[in-house]
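Going line by line, the protein sequences match chains A and B. With the numbering used here applied, the first sequence covers 119 to 231. With the numbering used here applied, the second sequence covers 315 to 428.
None of these hints come from the bench; they were simulated from the model. Please read all numbers here as calculations on a predicted model, not as lab measurements. No false leads were mixed into what you were given.
So the derived label-pair ranges between C-beta atoms look like this:
hint, chain 1, residue 1, chain 2, residue 2, range
1, A, Lys174, B, Gln331, 44 to 52 Å
2, B, Leu353, A, Arg230, 21 to 29 Å
3, A, Gly196, B, Glu411, 30 to 38 Å
4, B, Gln331, A, Ala171, 43 to 51 Å
Just so you know, even glycine gets a beta-carbon here, dropped at the ideal spot from N, CA and C.
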Amino acid sequence: GDSVTQMEGPVTLSEEAFLTINCTYTATGYPSLFWYVQYPGEGLQLLLKATKADDKGSNKGFEATYRKETTSFHLEKGSVQVSDSAVYFCALSGTSSASKIIFGSGTRLSIRP
Amino acid sequence: DTGVSQNPRHKITKRGQNVTFRCDPISEHNRLYWYRQTLGQGPEFLTYFQNEAQLEKSRLLSDRFSAERPKGSFSTLEIQRTEQGDSAMYLCASSFEGAVNEQYFGPGTRLTVT
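Given only the sequences and the hints, what does the whole structure look like? Please build it.
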């Protein structure tokens, strides 16, 4: 079945460092891909999405490109801030059921001032 | 605030008791979803409704679990005869029918079964 594998955490970086969180997926069809973020004490929020190959999703300085050839959707940010500390989830819309979102296990990111 | 709301936010219960959670979606959304998230894992899909109809259920949703959305607005998730393995965060999300990928999540109900 469809699945998502993402980089295990925790990831600790200094402020203004470059961030990459790796994500790869397995799907039989052509899913939409997402990054969700969960800040401490808050609910899941959609950070960005891409719906077809070579699409780039972007939001709040974060970017991810839908790479069909490598089945990847890596999250990047050029200069992280302390406020980016959160848990990040890579996800896809199930190809057998477009109503269901399948999540990775999450990557906890901590940014040091 | 017009986001998805869930009540209660926390519930502690003893094994064998029944519990019920409520989700109020964003008012214009006709789709409502339930997910379960255990510690250190991503959310797992349980079920979803379009209006009042329950259209899909995961194999994770055992016979002890039942969800309803009687008037196509709020939804309830009931767990009967709770077990320690039911301890988790239960998340609700909602979306428009035409934008099934844009799911908006509530803050969740954290269930602890002792």
